[in-house]
Amino acid sequence: MVEEKSAFVAFERVQKSYDGENLVVKDLNLSMPKGEFLTMLGPSGSGKTTCLMMLAGFETATHGDILLDGVSINNIPPHKRGIGMVFQNYALFPHMTVAENLSFPLEVRKIGKSEREEKVKRALDMVQMGDFAGRRPAQLSGGQQQRIALSRALVFEPELVLMDEPLGALDKQLRETLQFEITNLAHELGITTVYVTHDQTEALTMSDRVAVFDDGRIQQLAAPDELYEKPQNSFVAQFIGENNTLDGVVQEIKGDTCIVKLDSGDIIDAVPVNVTKVGERTRVSIRPERVEFNRERLHDDAHTLKAEVLEFIYMGDIFRTRLRVAGTDEFVIKTRNAPDQARLKPGQMIEIGWMPEDCRALDA
Amino acid sequence: MTEVLAADGRPLKASLNRALRRQKLRALALIAPLLIFILVSFVMPIADMLFRSVENEIVSDTLPRTVKALEGWDSSSGEAPGEAVFNALYTDMALATEYKSHTRLGSRLNYELTGVSSLFRKSGRRVKRFDTDVYADAFRDADPAYADPGQWAAWMSDDTVRAAVPVTAATYDAWAKMIVEVDNDDPAKEEPWDFVYTALYNEAVAGASLPVAVDVSGVEPVSLRDQFVEVDKDWLDIDVWQTIKIYAPKYTNGYFLNSVDLLKGPDGAEARPESERIYVVLFIRTMIMSLSIMGMCVLLGYPIAWLLANLRDRTANLLMILVLLPFWTSLLVRTSAWKVLLQQQGVINDVLVWIGLVADDGRLQLINNQTGTIIAMTHILLPFMILPLYSVMKTIPPSYLRAAKSLGATDWTAFWRVYFPQSVPGIGAGCILVFILSIGYYITPELVGGTKGVFISNRIAYHISSSLNWGLAAALGSILLAVVLLLYWVYDKIVGIDNVKLGG
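Heads up: the sequence lines are chains D and Z, in that order. For the first sequence, this note's numbering assigns the number 173 to the initial residue and increments by one for each residue that follows. For the second sequence, this note's numbering assigns the number 3 to the initial residue and increments by one for each residue that follows.
Derived from the structure by calculation, the hints contain no laboratory data. No false leads were mixed into what you were given.
Computed Cβ-Cβ distance ranges for the label pairs, DEER-style:
#1 F352(D) to L302(Z): 49 to 57 Å
#2 F417(Z) to D199(D): 31 to 39 Å
#3 D413(Z) to N509(D): 57 to 65 Å
#4 R294(D) to D413(Z): 25 to 33 Å
#5 S189(D) to R316(Z): 14 to 22 Å
#6 F417(Z) to H235(D): 29 to 37 Å
#7 S286(D) to L302(Z): 37 to 45 Å
#8 L302(Z) to R294(D): 43 to 51 Å
#9 D413(Z) to E502(D): 50 to 58 Å
#10 P205(D) to R316(Z): 40 to 48 Å
#11 E289(D) to A318(Z): 39 to 47 Å
#12 N312(Z) to H235(D): 24 to 32 Å
#13 L346(D) to A49(Z): 55 to 63 Å
#14 D413(Z) to Q300(D): 31 to 39 Å
One side of the interface only, derived from the structure: several residues of chain Z facing chain D at Cβ under 10 Å:
#15 S401
#16 L403
#17 A406
#18 S408
#19 G410
#20 T415
#21 A416
#22 R419
#23 P423
Ideal Cβ placement from N, Cα and C applies to all residues, glycine included.
Using the sequences and the hints given, assemble the complete structure.
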């Protein structure tokens with residue numbers, strides 16, 4: 173592929189097995205340009221951390237090549253790869269001060285004392301931790317430790333930084349602040365970042381591109397908005413954000429739209445994503461916030477469904493309404509809390525519909 | 003400030019204290035059995051040992067008069083003491099023989115000067131047959147009142163008589179006490195023994211007014227010095243008297259001086275002759291061998307502990323069982339097994355000869371020397387190193403090593419700069435355990451140590467069970483205790499005792 177020539181990091185047909193019987197990573201292909209912030213997202217056991225460890229050099233690929241700047245690094249030991257890494261539990265050396273921790277990668281690279289001190293200072297200032305150089309990691313809060321771990325991974329100016337769920341142990345507010353700081357820093361310094369998380373919000377807000385892992389494969393690799401709005405299969409649709417699903421059979425395909433007959437007998441419009449022929453079983457997916465119950469806002473020829481309001485939950489910025497639609501009680505719609513927004517009441521009968529392009533017919 | 007009251011109107015503080023007191027009492031009751039047990043079986047024996055190492059009451063208890071009389075004797079005069087001391091010795095010896103304490107004193111002083119034991123035994127046998135009966139006969143002949151036990155008892159409870167013959171009175175009291183305690187007789191029905199008459203004679207000659215005036219000046223005085231010398235010439239030996247005088251005080255540092263190869267002389271500590279020095283060498287050897295055993299345990303235990311901490315659980319458990327296996331066999335069995343393995347015709351030598359590393363006539367001496375002790379004790383104490391190391395290593399997350407490597411450190415640098423410093427608390431704990439255990443070890447050096455590979459504890463055991471010199475054993479034990487405490491203190495200063503972790 174032409175693209176791969178310019179790729180900074182590339183996985184080529186990588187497989188990994190621990191026990192010789194099961195593949196943890198199955199035929200992984202991935203290429204990243206320089207400077208990209210890529211997130212590996214997936215449930216636990218999906219192979220994302222294994223991929224990261226193979227890239228860092230702590231696991232060897234059973235098959236395939238991992239390329240860094242065009243060179244295969246399969247046989248290069250981790251300490252020669254020059255990849256910065258931030259660990260889930262920070263892995264700050266408890267017997268060293270913050271400054272010694274930062275100085276460590278420079279010392280092993282035989283950098284002179286004065287230059288070392290200057291770099292350590294710069295790296296600490298970068299994460300606003302300049303005053304903490306003399307402290308031990310145990311004297312720092314979780315967020316501070318995370319900042320130190322980050323600056324330690326960056327102090328020797330690696331071109332590639334790996335982060336293994338670095339914010340997993342922090343509380344929500346701190347996590348959000350740090351998410352912002354990490355992305356800013358990564359873009360400012362122009363470093364290529366591979367970030368592993370199981371938190372989809374984190375993945376969506378931070379990344380240039382997100383690779384959704386499941387069952388040892390990348391299910392979809394796309395920019396956050398595309399991932400959210402145009403999931404390629406029902407796993408991605410389910411995993412990213414909230415989602416309504418309805419099962420049915422493809423009745424008719426014309427170009428980029430199709431008509432699906434639901435199991436309840438209702439007919440709806442959808443975009444065929446990975447359905448190819450009429451009569452195939454499909455699962456259609458609609459985001460709760462894309463469902464419309466104001467008839468005036470829908471196309472005249474749009475298919476609509478009858479729905480009964482089961483529950484109305486006031487959540488502050490939005491309303492969340494649970495409906496009974498086409499035989500399921502779990503159909504949810506979300507509406508913005510605007511002054512003119514209708515507040516539905518349980519028992520009320522409404523008619524719902526959506527733009528055909530928001531409803532995606534995926535694999536069953 | 004107004005006092006805060008509880009709901010029932012009592013001061014809150016008092017209520018709280020009452021509530022807490024019950025908790026404290028309950029806690030105390032729970033640990034009471036252990037506390038008592040430790041007090042009885044640990045604290046008290048140690049206190050007793052410390053006390054015994056300086057206690058020396060036996061001399062002044064057995065020979066109180068002699069010790070007092072000796073105060074006037076100058077050991078540097080080159081002369082044995084005079085008649086007065088022998089007079090006192092006569093009384094003391096006569097009493098001690100009845101109490102049978104003279105042999106104990108003999109053995110006690112024999113530690114300091116060989117030969118004293120037999121001297122005391124011999125003199126004890128003969129002291130009753132001294133020629134002093136002439137005094138008794140003279141008094142009885144001069145006035146029958148002196149042959150009447152009842153009269154004696156009457157005199158001795160009369161203060162004017164006592165004031166007139168104070169030495170006789172004191173001697174009579176000691177005799178009377180002995181008659182009651184040893185013979186279970188009534189002193190008022192027994193005629194006083196010769197040594198009481200001797201005391202009376204001495205006072206009569208000195209011009210004291212007797213209860214019934216008699217003239218005994220015609221009686222030929224019996225020299226007790228000659229009597230004793232007749233029993234054994236050693237009574238003229240200045241060394242004997244010096245030893246008695248040096249060990250006369252109730253407390254002595256003699257045992258401690260002895261423990262460090264010094265001698266308690268008349269003018270303080272003196273160096274012992276070269277041929278008699280053993281303890282300092284033994285202490286140093288014990289230290290060096292304990293340190294070697296500790297070092298071997300670290301070298302052998304560290305990799306095993308690392309494996310244990312990093313292998314998969316199943317394999318690690320199996321390995322752990324192998325590590326703990328020695329605990330399941332008796333110490334004696336294991337040590338005997340080492341005898342089988344290490345002897346010159348043993349398995350290890352056979353193998354070495356068979357593979358040609360060692361010539362058949364040059365079989366290695368692996369047992370009954372220091373090598374044997376170090377090998378066997380390293381094996382026995384290894385688990386005490388591995389277990390604390392393992393439990394500390396278990397708490398070091400593997401991500402530290404990974405982090406170090408990702409930061410550019412080679413395997414060795416990552417280990418040395420990151421992993422090793424974090425395992426130091428485990429090494430510290432293991433070293434303290436192994437060192438303290440080995441410094442006091444007894445059975446293994448006894449069995450495989452021969453003469454060159456024994457520890458100070460073997461010597462202590464010898465003094466406790468064979469030579470029965472408990473004072474010296476206690477002094478050696480106290481020194482050992484002090485050394486351990488000192489090393490502990492040094493360790494605390496250098497490494498810091500907070501850095502010792504047995505787990506978690």
